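A.B. asks: Following the hints, put chain B in place on chain A, whose structure we already have.
Chains A and B supply the protein sequences, listed in that same order.
End of the first sequence = 187 in the numbering used here, gap-free, step of one.
End of the second sequence = 183 in the numbering used here, gap-free, step of one.
Hints may be right or wrong, so weigh each one.
To be verified - Listed next, the in silico DSS-like pairs over lysine-lysine satisfying Cα-Cα at most 30 Å (straight line):
#1 B:64 x A:118
#2 A:39 x B:64
#3 A:47 x B:64
#4 B:98 x A:162
#5 A:34 x B:64
#6 A:39 x B:84
#7 B:64 x A:162
#8 B:84 x A:47
#9 B:101 x A:39
#10 A:14 x B:64
#11 B:101 x A:110
#12 B:64 x A:117
#13 B:101 x A:38
#14 B:84 x A:58
#15 A:162 x B:101
#16 B:84 x A:162
#17 A:59 x B:84
#18 B:98 x A:110
What the hints assert, rightly or not - Covered stretches of chain B (chain A as the covering partner; in silico rule of three or more C-beta atoms under 8 Å from a C-beta of chain A):
#19 56 to 66
#20 104 to 118
These are computed hints drawn from the structure, not numbers from a lab.
As the structure is a prediction and not an experimental result, all values here were calculated from the model.
Every residue, glycine too, gets a C-beta built ideally from N, C-alpha and C.
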Amino acid sequence: MKRFLPVIIFLLLAVLLGVGLKLDPKKVPSPLIGKAAPAFELPLLKKPENSISTDAFKGKVSLLNVWATWCVSCRAEHEVLTAIANTGKVDIYGLNYKDEREAAKKWLQVYGDPYVVSAFDADGRVGIDWGVYGTPETFVIDQQGIIRHKVIGPVTVEIWQEELLPLITKLEQQG
Amino acid sequence: MRQSLKIVFMVLCLFAWQQVIAGFDNFDFSGDVTEKRFQNVVSKLRCLVCQNESLAGSQAELAKDLRREVYDLMTSGKTDKEVIDFLVSRYGDFVLYQPPVRPSTWLLWIGPFVLFAIALFMLLRKLTRRSKMQEVVLSDSERNRVHQLLEETSADSQNENRE
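The following block holds chain A by itself, in its conformation from the complex (with noise of 0.2 Å):
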């Protein structure tokens, strides 16, 4: 046994070691998963004169996405959040996050538009509520309007297909 402990000790370190190698340090876990989403009232995109609150999350799964112009990995993910918006399995509300509103508004006119709506963050105050720090970030909303989860950085095909699509799915029959 004895003869043993240095080897014992060594592939402890190593399976410790290699955990912490697999984390993401930028990923930091949301503390509003499982709360209710931070209410907001905060005027479209296209239509400044209109508004849209979190009432509109009310009844329903959906998808919040922070986006912005400025936001590379952004661009990456539109044509995912576009090919999602298509199946026709989930509503994908914008938050148009400290962005210029006619850089955005040409952005969706050029790429295609995936969204219900988008809510217009001139200031970024809505964001910091929702504990943003680096867009894109993906909410996931259920119908009494908690929070279930959050995807930061781009949605790929396969957070879609193996994240989100099931938890949307479980979502909908737990209704």
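C.D. replies: Positioned in the frame of chain A, the structure of chain B alone reads:
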């Protein structure tokens, strides 16, 4: 002459940089919120974009927004604890440089002391064992036998050397 001008310029640059750090937000500290109080709170909070910088020292866009948020919360009459609690409720414990003491962080807080205690225990055990080892007293016949064995072995090795 040019050389000394260069040096003067470089020294001035150093001061300019300090000016930038000291006043990049232009908050008004003449009211209830003192600069000292503000700096104390933002230096305890982590910037989530550049994770090894505090909110006080970061130039990231998010850090600027969060400093404004902290300032606004303070001017609206919130206590330091309320401000920090708000940010923790939005960004999690990770915004705090000093992790809170709770069951999930006990290992972090107590772990080093436990390891130190184990090491101390093992050291003490080793030391007491050594002092407990009794001195072996040999009788005369045993002593002779030892000498005999030693001579034999040294004679053997000499023989081996010769061969």
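A.B. asks: Tell me the hint numbers this structure goes against, listed in increasing order.
C.D. replies: The structure conflicts with hints 1, 10, 12 and 19, although it agrees with all the remaining ones.
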